[in-house]
Amino acid sequence: MGIHHEKNANFAWLQYIISHLSPNGRAVTLLPNGTLTTQNLAESEIRKQILLDGWIEAILALPTGFFMERRFPAARGL
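Straight run, no breaks: the sequence shown in the numbering used here ends on number 597.
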């Protein structure tokens, strides 16, 4: 599925989650919105492959402040 950027663990977590799902398993993730738009070539390729392989059912954008302890906008992947 690709090699994640060594200074950004977001895609490493996605790859880890996907690799540990059972055949009909499902997962929900919570990641910064930047994961959806990164311009890093390696991360863009991983994101593209995740989409092409059909791992994403939906993406929900959450507003800044949705979680009181976090001040950055986040997205939940289903």
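Hints in this document: simulated from the structure, not taken from any laboratory. Note that beta-carbon positions come from the ideal geometry of N, C-alpha and C, so glycine has one too. Please note that a few of the clues may not be correct.
Said to hold, decoys possible - Below, in silico cross-link-like pairs of lysine to any residue (SDA-like), each with a Cα-Cα straight-line distance of 25 Å or less: (1) K526 - N559; (2) K526 - A580; (3) K567 - A531; (4) K526 - I536.
Said to hold, decoys possible - Label-pair distances were calculated between CB atoms; the ranges are: (5) G573 - N527: 32 to 40 Å; (6) G584 - N543: 29 to 37 Å; (7) F585 - N543: 25 to 33 Å; (8) G544 - Q568: 17 to 25 Å; (9) S563 - S538: 34 to 42 Å; (10) T583 - P542: 30 to 38 Å; (11) G584 - P542: 34 to 42 Å.
* F585 and N543, beta-carbon distance inside 25 to 33 Å? -> The hint (25 to 33 Å, Cβ to Cβ) holds, given that F585 and N543 are roughly 30 Å apart.
* Measuring from beta carbon to beta carbon, are S563 and S538 in 34 to 42 Å? -> 20 Å, violated
* Asked: Is it true that the CA of K526 sits at most 25 Å from the CA of I536?
  -> The given pair, whose Cα atoms are some 18 Å apart, holds under the 25 Å limit.
* For the pair T583 and P542, does the Cβ-Cβ distance stay inside 30 to 38 Å? -> 37 Å, holds
* Satisfaction of the hinted span 34 to 42 Å by the C-beta atoms belonging to G584 and P542 -> Holds: the Cβ-Cβ distance is about 38 Å, inside 34 to 42 Å.
* Does the Cβ distance between G584 and N543 fall inside 29 to 37 Å? -> 35 Å, holds
* Proposed proximity, N559 with K526 (alpha carbon, max 25 Å) -> Roughly 11 Å between the alpha carbons, so the hint for K526 and N559 holds.
* Asked: Straight-line Cα separation of K526 and A580 no greater than 25 Å?
  -> Holds: K526 and A580 sit about 24 Å apart, inside 25 Å.
* **C-beta pair G573, N527: status relative to the range 32 to 40 Å that was hinted** => 24 Å, violated
* Outcome of range test on Cβ distance (G544, Q568; 17 to 25 Å) -> 18 Å, holds
* Mind checking the alpha carbons of K567 and A531 for me, to see if they're no more than 25 Å apart? => 15 Å, holds
Of the numbered hints listed earlier, those contradicted by the structure are 5, 9.
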